[in-house]
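> From just these sequences and the hints, can you work out the full model?
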Amino acid sequence: MTALDFTLVVWAMATVAGFLGALTGLGGGVVVVPVLTLALGVDIKYAIGASLVSVIATSSGAAAAYVKEGYSNIRIGMLLEIATTLGAVLGAYLAAYTSTHIIAIIFGVVLLQSAYQSFVNGTPENGPPLQSDSLAKRLRLSSDYPLDGSRQEYGVQHVPTGFGLMFGAGALSGLLGIGSGAVKVIAMDRAMKIPFKVSTTTSNFMIGVTAAASAGVYLSRGYIDPRVAMPVMLGVLGGAVLGTKILVRARVRTLRLVFGCVILALAIEMILNGIRGKV
Amino acid sequence: MDDRRLEGFIGNLLRVGVMLAAAIVSVGGVMYLVQHHSDTTSYRTFSIEGADVRTLPGIVRSAAHFQSEGLIQFGLLLLIATPVARVALAAAGFYLERDHLYVAVSLIVLAILVFSLMHAT
Numbered sequence: 001m002t003a004l005d006f007t008l009v010v011w012a013m014a015t016v017a018g019f020l021g022a023l024t025g026l027g028g029g030v031v032v033v034p035v036l037t038l039a040l041g042v043d044i045k046y047a048i049g050a051s052l053v054s055v056i057a058t059s060s061g062a063a064a065a066y067v068k069e070g071y072s073n074i075r076i077g078m079l080l081e082i083a084t085t086l087g088a089v090l091g092a093y094l095a096a097y098t099s100t101h102i103i104a105i106i107f108g109v110v111l112l113q114s115a116y117q118s119f120v121n122g123t124p125e126n127g128p129p130l131q132s133d134s135l136a137k138r139l140r141l142s143s144d145y146p147l148d149g150s151r152q153e154y155g156v157q158h159v160p161t162g163f164g165l166m167f168g169a170g171a172l173s174g175l176l177g178i179g180s181g182a183v184k185v186i187a188m189d190r191a192m193k194i195p196f197k198v199s200t201t202t203s204n205f206m207i208g209v210t211a212a213a214s215a216g217v218y219l220s221r222g223y224i225d226p227r228v229a230m231p232v233m234l235g236v237l238g239g240a241v242l243g244t245k246i247l248v249r250a251r252v253r254t255l256r257l258v259f260g261c262v263i264l265a266l267a268i269e270m271i272l273n274g275i276r277g278k279v
Numbered sequence: 001m002d003d004r005r006l007e008g009f010i011g012n013l014l015r016v017g018v019m020l021a022a023a024i025v026s027v028g029g030v031m032y033l034v035q036h037h038s039d040t041t042s043y044r045t046f047s048i049e050g051a052d053v054r055t056l057p058g059i060v061r062s063a064a065h066f067q068s069e070g071l072i073q074f075g076l077l078l079l080i081a082t083p084v085a086r087v088a089l090a091a092a093g094f095y096l097e098r099d100h101l102y103v104a105v106s107l108i109v110l111a112i113l114v115f116s117l118m119h120a121t
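Chains A and B, in that order, are what the protein sequence lines are.
The opening residue of the first sequence carries number 1 in my numbering; numbering runs sequentially from there.
The opening residue of the second sequence carries number 1 in my numbering; numbering runs sequentially from there.
One or more of the hints may lead you astray.
Unchecked claim - Between beta-carbon pairs, the in silico distance windows are:
| no. | chain 1 | residue 1 | chain 2 | residue 2 | range |
| --- | --- | --- | --- | --- | --- |
| 1 | A | 246 | B | 19 | 16 to 22 angstroms |
| 2 | B | 104 | A | 25 | 30 to 36 angstroms |
| 3 | B | 44 | A | 69 | 41 to 47 angstroms |
| 4 | B | 104 | A | 265 | 44 to 50 angstroms |
These are calculated hints, taken from the structure and not from any lab test.
Since this is a predicted model, take the numbers as computed values, not measurements.
C-beta: ideal position from N, C-alpha, C; glycine also.
Right, dumping it as C-alpha cells:
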C-alpha cells in the first residue's frame, strides 16, 4: 500500500468512526483500534497511540460545548482525575510489558461492553438526588444542574469507591489508548450516585486529561507514529464535529443498534485473533 | 470569577488549541503526502522510530526545520498540551477563588501529567 492510499483509507475510516461515535455517544476511538489492526494489519501499538491522540482531540474540542450546557462539575472531575491519571500512567507502563495478544483480548472484552451498552436503552434512572455523605461534604462536591428551567441541587456519595473505579478506568485508558468513558460514567452514576447527565458531561471533560497522562509515555515509546496518527486524528476530529452538528435525533436509536452490531463483530474478531495470536 | 465562567473560558481556550493543533497536523500531513505519496508503507511490525519523533526536543527541532513528520508531531504535542493547560488554568482559577483544597488537587494532577511528559524529554 502506498503512503497516499494508506492515509486516505485511514482518514476515511476515522471520519466515519468519529461521526458515528459522536452521534451515538459511544466515542470514536473504540472502533479505530480494531479497524486499524484487523482491516489494515497495523500493529496494535501504533493503533492505540493514534487512538489516544484522537481521544484527546475530541474531548478538548467538545469541552466548550459541554460547559455551556452547565452540567459538568469541575471539582468532581478534578478530584477524580488524580485517580484516572495515576491509573493511566500505570496502564501505559503495562502496555509495554503486556503481549499484543493479551492487549487484543482485553480490547475485545471492552468492545463487548460497548456493544452491550449500545443495545440497552438510554438513561438509567437514579431516582431523586441524594444528600452528600460526610466525606463528599468535606470535599465540597455537591452542586446543582439545570432541570425544567430551574437548578436542581444534588449530593455525592461513596467517593472512595468512585475513586477506585476511576483508577481502573485510567488504567484501561492507558493500556488500550481509549477514553474509557463508559467506566467513568459507571463510577460516577452508579457508585457515587451523581445524576446521569452530570456524570456523562464530567466524564467527557475528564477523558482528555486522562489520555494526556499516558501520552508522554506513549510518545517516548514510539507508539505515536506521525504517519498513522495524522489521518486518525484529523478523521476522528472532523467526523466528531460533523456528528455533533447533525443531530438526527430520530434515527439515533437505529444507528446505535447498527453501530452496536459492528462493535460486537469487531469484539469477537479481536478476541479470536488475540487467542490465535494473529494480532 | 465563578466556576461556570472559569470553565467557559477554559473550554474556549481548549477549542482554539485543538483547532491550531489540527491546522499544524494538516500542514505537516500535506507536506508528508507531497514528499512521500508513493512510498510503500507497512505498519505490520512495531519498530521504535528515531528521537526526532519521540522526544520533545527532537520534535521541536525537526518541526523548526519544517520536516513534515516533525510538524505533525509538533501539532500532536500541542494537542496533548491542551488538557495539561486546562488543569493548570483550573489551578489558577481555584487560587483566585481562594479554594486551597482544590488548588492542591489540581497541582497533584498537574504533577502526574508533567511526570508522564518527562518520559519524552
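> Against the earlier hints, flag every one the structure doesn't satisfy and list their numbers going up.
none
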